[in-house]
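Visitor: So you can see what is in the structure, the chains are spelled out below.
Number of protein chains: 2
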Amino acid sequence: MSQNRNYNVAIVGATGAVGEKIREILERKSFPIGELKLLSSKRSAGKKIKFKNEEITVEEATPESFKGIDIALFSAGGSISKALAPEAVKHGAIVIDNTSAFRMGEGIPLVVPEVNCDDLKIHDGIIANPNCSTIQMVAALKPLKEAFGLSRVIVSTYQAVSGAGNDAVDELKDQTQQYLDGKELTAELLPVSGDEKHYPIAFNALPQIDKFQENGYTFEEMKMINETKKILHDDSIQVAATCVRLPFVSSHAESVYVELGKDGLSVADVQNVLKDADGVILEDDPTTQTYPTPLSAMDKDEVFVGRVRKDLDEEKGFHLWIVSDNLIKGAALNTVQIAESLIEQNIIK
Amino acid sequence: MSQNRNYNVAIVGATGAVGEKIREILERKSFPIGELKLLSSKRSAGKKIKFKNEEITVEEATPESFKGIDIALFSAGGSISKALAPEAVKHGAIVIDNTSAFRMGEGIPLVVPEVNCDDLKIHDGIIANPNCSTIQMVAALKPLKEAFGLSRVIVSTYQAVSGAGNDAVDELKDQTQQYLDGKELTAELLPVSGDEKHYPIAFNALPQIDKFQENGYTFEEMKMINETKKILHDDSIQVAATCVRLPFVSSHAESVYVELGKDGLSVADVQNVLKDADGVILEDDPTTQTYPTPLSAMDKDEVFVGRVRKDLDEEKGFHLWIVSDNLIKGAALNTVQIAESLIEQNIIK
Numbered sequence: 000m001s002q003n004r005n006y007n008v009a010i011v012g013a014t015g016a017v018g019e020k021i022r023e024i025l026e027r028k029s030f031p032i033g034e035l036k037l038l039s040s041k042r043s044a045g046k047k048i049k050f051k052n053e054e055i056t057v058e059e060a061t062p063e064s065f066k067g068i069d070i071a072l073f074s075a076g077g078s079i080s081k082a083l084a085p086e087a088v089k090h091g092a093i094v095i096d097n098t099s100a101f102r103m104g105e106g107i108p109l110v111v112p113e114v115n116c117d118d119l120k121i122h123d124g125i126i127a128n129p130n131c132s133t134i135q136m137v138a139a140l141k142p143l144k145e146a147f148g149l150s151r152v153i154v155s156t157y158q159a160v161s162g163a164g165n166d167a168v169d170e171l172k173d174q175t176q177q178y179l180d181g182k183e184l185t186a187e188l189l190p191v192s193g194d195e196k197h198y199p200i201a202f203n204a205l206p207q208i209d210k211f212q213e214n215g216y217t218f219e220e221m222k223m224i225n226e227t228k229k230i231l232h233d234d235s236i237q238v239a240a241t242c243v244r245l246p247f248v249s250s251h252a253e254s255v256y257v258e259l260g261k262d263g264l265s266v267a268d269v270q271n272v273l274k275d276a277d278g279v280i281l282e283d284d285p286t287t288q289t290y291p292t293p294l295s296a297m298d299k300d301e302v303f304v305g306r307v308r309k310d311l312d313e314e315k316g317f318h319l320w321i322v323s324d325n326l327i328k329g330a331a332l333n334t335v336q337i338a339e340s341l342i343e344q345n346i347i348k
Numbered sequence: 000m001s002q003n004r005n006y007n008v009a010i011v012g013a014t015g016a017v018g019e020k021i022r023e024i025l026e027r028k029s030f031p032i033g034e035l036k037l038l039s040s041k042r043s044a045g046k047k048i049k050f051k052n053e054e055i056t057v058e059e060a061t062p063e064s065f066k067g068i069d070i071a072l073f074s075a076g077g078s079i080s081k082a083l084a085p086e087a088v089k090h091g092a093i094v095i096d097n098t099s100a101f102r103m104g105e106g107i108p109l110v111v112p113e114v115n116c117d118d119l120k121i122h123d124g125i126i127a128n129p130n131c132s133t134i135q136m137v138a139a140l141k142p143l144k145e146a147f148g149l150s151r152v153i154v155s156t157y158q159a160v161s162g163a164g165n166d167a168v169d170e171l172k173d174q175t176q177q178y179l180d181g182k183e184l185t186a187e188l189l190p191v192s193g194d195e196k197h198y199p200i201a202f203n204a205l206p207q208i209d210k211f212q213e214n215g216y217t218f219e220e221m222k223m224i225n226e227t228k229k230i231l232h233d234d235s236i237q238v239a240a241t242c243v244r245l246p247f248v249s250s251h252a253e254s255v256y257v258e259l260g261k262d263g264l265s266v267a268d269v270q271n272v273l274k275d276a277d278g279v280i281l282e283d284d285p286t287t288q289t290y291p292t293p294l295s296a297m298d299k300d301e302v303f304v305g306r307v308r309k310d311l312d313e314e315k316g317f318h319l320w321i322v323s324d325n326l327i328k329g330a331a332l333n334t335v336q337i338a339e340s341l342i343e344q345n346i347i348k
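Which chain is which? The protein sequence lines are A and B, in order. Residues 0 to 348 in numbering that gives the first Met the number 0 are what the first sequence lists, from first letter to last. Residues 0 to 348 in numbering that gives the first Met the number 0 are what the second sequence lists, from first letter to last.
Hints were generated in silico from the structure; no laboratory data involved. No experiment lies behind these values; they were computed from the predicted model shown. Note that beta-carbon positions come from the ideal geometry of N, C-alpha and C, so glycine has one too. Please note that the accuracy of each hint is not assured.
Quick partial rundown of chain B residues pointing at chain A, CB under 8 Å, derived from the structure [said to hold, decoys possible]:
1) Lys-196
2) Pro-285
3) Arg-306
The calculated lysine-lysine pairs, modelled on DSS-like cross-linking and capped at a C-alpha distance of 30 Å, are [said to hold, decoys possible]:
4) A/Lys-309 x B/Lys-261
5) A/Lys-315 x B/Lys-315
6) A/Lys-309 x B/Lys-210
7) A/Lys-315 x B/Lys-309
8) A/Lys-274 x B/Lys-182
9) A/Lys-315 x B/Lys-229
10) B/Lys-46 x A/Lys-309
11) A/Lys-315 x B/Lys-261
12) A/Lys-182 x B/Lys-182
13) A/Lys-261 x B/Lys-228
14) B/Lys-196 x A/Lys-172
15) A/Lys-315 x B/Lys-228
16) A/Lys-196 x B/Lys-172
17) A/Lys-228 x B/Lys-315
18) A/Lys-299 x B/Lys-210
19) A/Lys-299 x B/Lys-196
20) A/Lys-229 x B/Lys-315
21) A/Lys-309 x B/Lys-196
22) B/Lys-261 x A/Lys-49
23) A/Lys-299 x B/Lys-172
24) B/Lys-229 x A/Lys-182
25) A/Lys-210 x B/Lys-196
26) A/Lys-196 x B/Lys-309
27) A/Lys-172 x B/Lys-299
28) B/Lys-261 x B/Lys-309
29) B/Lys-229 x A/Lys-309
30) A/Lys-196 x B/Lys-261
31) B/Lys-315 x A/Lys-309
32) B/Lys-309 x A/Lys-228
Isolated chain A (complex conformation) (with noise of 0.2 Å):
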């Protein structure tokens, strides 16, 4: 990075999934830390956390908290963001938001560095993280629009559930053991916590991720439509999703049809595109079974793409199967390298 000072971070959700990720990833790559504040609700306040050879003691959040805060990673529920995000803005914090609070507002920059780093350029003080299904998605497909045009994309997800959190993973383990033990599952929390109905996931598939809007999709499925158009800067692109929740722990899986601008591609042509893409890593051999996998994609910081197939019928269509890490590059890391772009573009002085 281009800078030489350090900045004081906090992390809102410090003890969350997605928290626990990010100091994680702030400490694996050295970023320039003044003073670090983890914060979270009143529940988990007074907990000792490790960070290099700190002990941190967990902190309530509120609204002084980010009291001489240069960056704040909120990662704690859309409400926590309403409420705390523009005290940190107040107190001159930057804030960059992992939950869906502030993605779709105008003026707000919702970015995949990759992507659309230029869009930090202008913000309020808010930048937004978008959803971890659309992170994966756009990191694969703004490549081959530059390359090729895009005008439509259709798909269908294989999600994890520590997308929905540390308590859902728990949930998934205990049914998992009750399912082989022959014994009734219990489902108490998924597919939404705050939702009125619960199914079992262990050995079961739910295409139900986040709750149904008027229109008969759900907040994800609207989320994935709407972000990648933002993030893309072309609202013309026409987007559909089908999010379905499933038994693994991490890794969101996507099947993606898109078709793109150009005749006469070949998937040699598509292939190549993503071999030089930033972040991507291609994984398609279909001669020796090579492809990412859920399993595979674990722990790594790339989005990973295989199965690239051309439409047997469309002229423009491929078909791509896109993973990665959820609570990584679907969460946690982006978050860190918003943080790291505003630096290196000289955002934050």
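Since the structure of chain A is provided, determine the placement of chain B on it from the hints.
Guide: Frame of chain A, contents of chain B only:
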């Protein structure tokens, strides 16, 4: 059924996952059986299996096994069907084959009774039962095609492990326990028992079902594409498929995008057709989180459809979520229904 006589029935592959379901369904439906022959490989011969109040000894399947048999139900892999189905026909039996050996053959009826039972009228002794993932899809798409026309299908599947046989289910369960115990996962069978590499299925998703073809598609994907066109008698329908194996035991789910042949259709128009469709149950109400899942469809005869949505951009586009038990309607039940239809239509005399 219209006939009063009984039929001598042979099940080839009687001890396998599908064979077991065929026995259950023949018994439950009081299929008019005279003699029942249970045939298998040498390895399973000698086993004793209860059927109704009888105990039947499993015999090794040989060309001579089919003497006096009226209906032979094959479900023991393509090579067995290729070797023995013509022998059964020579002995005067009508074969209903559950493998891919004959499906795309010229003059071989490929039948889902609710969809194209008329195709049974002309045959040379062998009737093919379609692929599991095809059956449930065409059962839902045929009534929509009838009502509105159908020009395009893009499907991403969520397929159960039992489609790969009982050994694959054991592998899933073993790996699942290994995962919960923090042990390394041993993969020896999936994604394809005869292929070179094996990957864990527990807490994972494998974008390979059956072997890769030269065009980069898997054989499972090509089955869905080709069989759908054959069953619907329409080579002009654009069909694309991505097939994915997932860590659940039973029922395939499918995220299906369709383009119908009529403008101005509403979600209710599509739902109403599905509501009245033979063998299909509409489970679709976002306001009460009502949709089918693999667990909810397990052990049931019907094809369940939910998540009916109109595409937000494409006037004729709709999205569906189709779920059915892959061993029942996807295999054993459809096989028995073909036999029933042959009798009802006086094709077997």
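Visitor: Could you tell me which of the hints above the structure violates, numbers in ascending order?
Guide: Violated hints: 8, 10, 22, 24, 25 and 30; rest satisfied.
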